[in-house]
Amino acid sequence: MDNVIRARTPAARAWRLMLHLVLILAALWYLLPLAVMVLTSIKPLDEIGAGSLLALPENPTLAPWLKAWGSACTGMRCDGVSGYFWNSFAIVIPAVAIATLIGALNGYALTKWRFKGAELVFAMMLFGCFIPFQVILLPMAQTLGWLGLSSSRVGLIFVHVVFGIAFTTLFFRNFYVSIPDELVSAAKLDGAGFFRIFWRILLPVSKPIIVVSVIWQFTQIWNDFLFGVAFSGHDTQPVTVALNNLVNTSTGVKEYNVDMAAAMIAALPTLVVYVLAGKYFVRGLTAGSVKG
Amino acid sequence: MSALEIDNVCKDFGTTRVLEEVSLAIDSGEFLILVGPSGCGKSTLMNAIAGLEPVTSGRILVGGDDITWRTPAERDIAMVFQSYALYPSMTVHGNIAFGLEMRKVPRVEREAAVERVADLLQISHLLNRKPAQLSGGQRQRVAMGRALAREPQIYLFDEPLSNLDAKLRVEMRTEIKKLHQRLGTTIVYVTHDQIEAMTLADSIAVMRDGRILQLGSPDEVYNNPADMFVAGFMGSPSMNFIEARLDGEPGAYRLHIATDGEAELTLPWPASRETPALAEHVGRTLTLGLRPEHFAEEDARLGDRAEGTPLSARVSVVEPTGADILLRLPLGDTEITARVGPDCRVAPGERLGLRVDMRRAVLFDAETEARLA
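The listed protein sequences correspond, in order, to chains A and B. Numbering-wise (numbering that gives the first Met the number 0), the first sequence opens with residue 0 and increments by one. Numbering-wise (numbering that gives the first Met the number 0), the second sequence opens with residue 0 and increments by one.
If you are wondering where the hints come from, they were derived from the structure by calculation, not from laboratory data. What you are looking at is a predicted structure, and each value in this text was computed from that prediction instead of being measured. Treat the hints with care, since some could be wrong.
Partial pick of chain A residues on the chain B-facing surface, computed with a CB cut under 8 Å [unchecked claim]:
id	residue
1	Pro179
2	Glu181
3	Leu182
4	Ala185
5	Lys187
6	Leu188
7	Asp189
8	Gly190
9	Ala191
10	Gly192
11	Pro203
12	Met263
Don't be surprised by glycine CBs; every beta carbon is placed ideally from N, CA and C.
Bound-form chain A, shown alone (with noise of 0.2 Å):
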C-alpha cells in the first residue's frame, strides 16, 4: 500500500497507466544491452553468427566463461583474465581502504578539531575532485619514478588513494558534519583523545558514510582503466587492461561470446559490491546520540 490519495478518475488512471508504461519500456531499453551480453556470453559462436541478437541460445553453454577466466589470449598470454581479476582485488581492496580510511580522518579533522585555515584546506581538497585523470599523467609518472614504485602495484595503489581521498573527503566531511560536536566534547572531558574518540565514538556511527565510500572507491579504481594501463607493471595490470587487450588481440575469427564473458566477469564484482553493501545504505545510526 502506497501512502498517497491519487485521483480516481478515468483520465487520471489512464494518464498514470501511460506513465508506467513509458517507465518500463525505458527500464526495458536500459536492460537490452545487459541481456544481450548475457546472451552473447552463452552461446556458441555458430549460434551468434546465425541468429538475430536478441535470440534465445538453443545450446546454451558455459564454455566462452571458461575460456575467458581461464584461457583466452590478452596479448601475449593465454591464461584468461583471471590473474588479472585478483590483480585488480589486489589494487581495489588496499586503495578503497587506505582512502576510505583517511578521508574519514580527515573529515573527522575538519570537522570537530577545527584548526585555522580548515576551510581552505576542506576547499583545496574538494578542488581534487575535479582534476581530470588525464592532466595528471605525466607528473604523476615522474612523481612514481621519483619515489621508486613505477610499474608497481603499490605505485598504482598510491595513485588510487591520492585521487580517492579527494572523494572519501568530501564523503566523510559533510557527514560528520550533522554528527553533534557535543559528542566529542563529551568524550574529550571523558578522557579521550583525538584517535580514541575517532574509534570509540566517531567510526562506530560511520556505518552509513563508510559504506558509500566503499561503493564509490570500489567502483571508480576497480572501473579504471588509465592509470592502470599508465601505471601498473606487466604482471600486475588490472582487468580493465585486460579485457581490452583480451578484445582487441585478434587470432583468427572474433570470440564475441568470450569477448561478452570477459566482459561480464570484469563487472560483476561492482555489481556484487552494490547488492550486497546497498542494504546498509540505512540512515539513522546516530538517531538518539541527541534529542529523539
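Based on these hints, arrange chain B on the given structure of chain A.
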C-alpha cells in the same frame, strides 16, 4: 580555598568580546547557577571551565590548581550536555563506564561505579540498552550517570533540562536538587530558566553581554537586585517598571505617578528604605520596580488598618492561573501585572482597590538602570 575560581577571564571571538573580565569563586559543595538571556556568555563561560574553549586572558583554578591551559581530559570535571551527547554506539553501561575506562580505572571498580550510579538514578534496568531505545527522561538520567560515575571535583550542567517536557522538567529539577543535597557535589549549572535558577541555586550569577551583573543568593538576587536588568530578568511574571517622579526630602520622599485622565497617584517612599543617592535625584523621573506579588487586593474588612499604600485602577485583563490570579491594570503610562488571591472576584473593566507594599519596592535610575534604593 575555593573549589572553583574564575579570575578575570576574558574571551574574544575575533573582534567580539563575549566574556568581559568575569570573576567568581565558589566553595566546595556549592551549587552555582549561571543565568541570563541567550548570547550572554554563560555557555562560553561553561565551555571555558570545561576546557573546550581556550580563554583569551585570565585564569581558572580548580581546588587551587591553575588549570587554565589544561586539556579537558586533564581537568577533573564532568559535564552534562543539553543534548545529553550520549555515545550512540554504546549501551547505557558503556556510556557510564567510558570515562572510567579512559582514565584506566580497573574493571572491578568500574563495574562497582556503574552499579552505584545506576542504583542512585534508578536506571539499573536500562544498562544494556542503547541511547536510541531510551525516552528523553531516561537519557537525561544516563547523561547524569555518566558524570556522576567519575566523581569529579566539579560538575557542569549545560541547560540539562531544556529538552524535557514541562512535567518531567519539574521532576528532574527536584531530583537534581535531591542529588546535590545527598552527594554534596560542587555544581555549576547554566540555564536561561530563572525558576530553575531560583529553586536550585546556592548562588546565582546573572549574566548579560559577557559580564556578571550580580552574584548572590537567590534571595538577594530576587529581592535586592543590583540593577534593572537583574530585577526584570528574575521572577515570572516579571517585575513591573513604572515611571515616577521623586520629590520631598530625607525622611519624607514621595513618588508621583501621572495617570492619563485620572488624579496623580502619590506613593510615600518608606524611610527605612532611604539611601543617600535619593537626595541627588529629587525632582527627576525614576523607575519604580514593583513585583506582581507586592500588590494585594484591598481587604474591606481591614479598611485603613491594612498594610501597604492604597491605590485603585480599572482591571483590563484577568488571568486565573489556578493558584492565584494575575490582573493586568494600567498604572502611569504602562500596564502592570498584579498577583492576587484566587478568590478575588473581579471582572475586566471593573475598578479594584489594591494595596502596594512599598517596603519591598525598588528604585532605579531611568537612564543608567542602576539601582538607587
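To see whether the hints hold, each was checked on the structure:
no.	hint	verdict
1	Pro179	6 Å, holds
2	Glu181	4 Å, holds
3	Leu182	5 Å, holds
4	Ala185	4 Å, holds
5	Lys187	4 Å, holds
6	Leu188	5 Å, holds
7	Asp189	4 Å, holds
8	Gly190	4 Å, holds
9	Ala191	5 Å, holds
10	Gly192	7 Å, holds
11	Pro203	3 Å, holds
12	Met263	39 Å, violated
The structure shown violates just one earlier hint, number 12.
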